[in-house]
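**Student:** Residues per chain, in single letters:
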Amino acid sequence: MTIAIAAISCALAGITIGLIIARRLGDTTRATPATQAALQPERPAPPWPDYVQVLDQLPIGIVIVAPDRATVYRNPWATTFGGTHAGVLLDAMMEPLLEQALVGEHARQVLELYGPPRRSIAVASSPLPGGGALASIQDESERRRIDAVRTDFVANISHELKTPVGALAVLAETLVGETDPEVIDRVAERMVEDAHRAARTIDDLLELAGIEMGEALVRERVDVADVIAESISRARQIGEQRNIHVEVLDIPKGAAVVGDRRQLVSALGNLVENAVKYSEPGGEVQVRVRADDGFMEMMVADRGIGIPARDHDRIFERFYRVDRARSRDTGGTGLGLSIVRHVADNHGGEVLVSSREGEGSTFVLRIPTSSRVEALRQQGVRQ
Amino acid sequence: MSNDAGISVQEEAAESDLRPSFHHALDQVRAEIAKLGATVTENIPRATEILLSQDLEGAEYMILADDAIDAASIDLEDRCYSLLALQAPVASDLRQVVAALRIIAEVERSADLTTNLCKAARRIYGHDLDPKLRGIIQKMGDQATQLFKEATESYLSSDAARAAAIDDMDGYLDGLQREFVQAIFESHQMTKIDLQVAVQLAIVARFYERIGDHAVNIGERTQFVVTGWVREQMGAVRHATRQAASDID
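Chains as they are written, first to last, in our numbering: chain A, 680 to 1062; chain B, 1009 to 1257.
To be clear, the hints were calculated from the coordinates, so they are not data collected in a lab. Any given hint might turn out to be false.
Computed beta-carbon distance windows for the label pairs [claimed, not checked]:
hint : chain 1 : residue 1 : chain 2 : residue 2 : range
1    : B       : Ala1173   : A       : Arg798    : 23 to 29 Å
2    : A       : Arg993    : B       : Tyr1089   : 45 to 51 Å
3    : B       : Leu1102   : A       : Asp747    : 51 to 57 Å
4    : B       : Leu1072   : A       : Val897    : 36 to 42 Å
5    : A       : Thr759    : B       : Lys1127   : 35 to 41 Å
Model, not experiment: these values are computed from the prediction. Positions of the beta carbon are idealized from the N, C-alpha and C atoms, including for glycine.
Start from the sequences and build out the full structure, keeping to the hints where you can.
**Tutor:** Below, the structure written as structure tokens:
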């Protein structure tokens, strides 16, 4: 998609630039073939758009300089950083790239901004036929993030599945020929534990696969109070072990959403379970519900260890771990938040997080209310 | 390739400019200072991440890269001296050059502080910090970044009002530093960190606090460029009052 845009923009730019530069220098004698083509009288005038206006609309940055290094054109996207420190850095990086392009070389460089949020801005420069140079600026942050998700997923899934299976193999080998009943007991116990672990991961993966495919989403009226009660009971056992009190605050009377009850319980249950797991022993977890403009917001807040800022946009990925060493003790599969996000998506809602390390985390699951869904249906909008 | 602010300054100057080469040189110096400031603005979150993720390679890279900033600031300082000596500017032109000299020093020192953060990252390598400490480090980093971003951008756009607000923002960073020192004591008491790490962390807090102070100074110099007015130094005021009182005696 972006490649296509880049290709189109380059083609367009080629034509436009010729025009702009020729106009600016008042030099029609050296007009390039592209310019001549654009000036051909038989080319239909309207409805063909003015190419400069087309460049103005592009979702990438375009900067054009004349052979004397003066900037002749800069589209709106390329000026969005103007006056900010990022703009200063971008200009500083672009200058040598354009210099290179002016002597006929193609050049490309990526500016890494540490944010927050983190961004990667790529600048590519190329010489233009008939003199001058073009720089195109593209925000590559999203593409890079997706690349990272893809590579990490493969590494993580093999880790999550191989570790318990590998452990099982080693433990089974230990059992072969072992006669001491005490050792057999201990090893067998570990085997049971690891087998459960692998089974949990596979269960969650299957559940996630089902939810991801939007598998037969049941649409019924679901009472929010019921969903919360059921979610909390899921986390009761761990809560009691760690002496954590889960408090439910003000649920609006008759609060209801339209959706798949099982999925909603699974999503909210995951959030409550996480809150309990990552709280200090003896701590408190709060569950709160708030109606907000057609959405029902279910909030789960803890005062636990919190999530580092740089991980906020990655925790919803499958198998993403903030701290691998710690996640072993909590016994999670690394799929919980991924399930939450997909359930939210399936219901036309979203899940939000705000968190500080050492202060705790708050997750908000926003699901459209029954009245909103009804209103949308009446408007003929398909959810 | 100049930014919006640069263009407007140039256009303004062009109308009644008797010394085009001087103003061109001055604009260049300003642009270079803004570039240096922007680099430091990026270096603060980068150093914070290096510190929190114990990224030794990143630390090494940043420490080496500081030499380029030092070289650039020496070059800029030289250019300011030449402007003073050869052009003998007056009024607002003189303020521009004098303020530039001060700001270069502030930016250069702040860049050093970010490399100090990287050196601290090397010293606390291998020690786990509890979430509360990490959380406050992140906050101090965010706040220091914000302060320096404001300082750089208000200088870039000669915005005195924006520059004046930096001082108030710095109060929050100072508060964070105190909170952090308290958290270090608690963490040390619960024997989560040893004395060596505790001392290193206290120094880290000091680095952030100093970066904030440099940003405030840049803000003051920016106000001086625009309004010709320097905020009264509290110490100087006290000194003057005492002086006046002793004269009466």
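**Student:** The structure should be examined with respect to each hint, and the outcome stated for every one.
**Tutor:** Evaluated hints:
1. B/Ala1173 with A/Arg798: 23 to 29 Å: Holds: the Cβ-Cβ distance is about 25 Å, inside 23 to 29 Å.
2. A/Arg993 with B/Tyr1089: 45 to 51 Å: About 49 Å separates the Cβ atoms of A/Arg993 and B/Tyr1089, which means 45 to 51 Å holds.
3. B/Leu1102 with A/Asp747: 51 to 57 Å: At 33 Å between Cβs, range violated.
4. B/Leu1072 with A/Val897: 36 to 42 Å: Because 60 Å falls outside the window, the suggested range is violated.
5. A/Thr759 with B/Lys1127: 35 to 41 Å: 36 Å Cβ-Cβ, so the 35 to 41 Å window holds.
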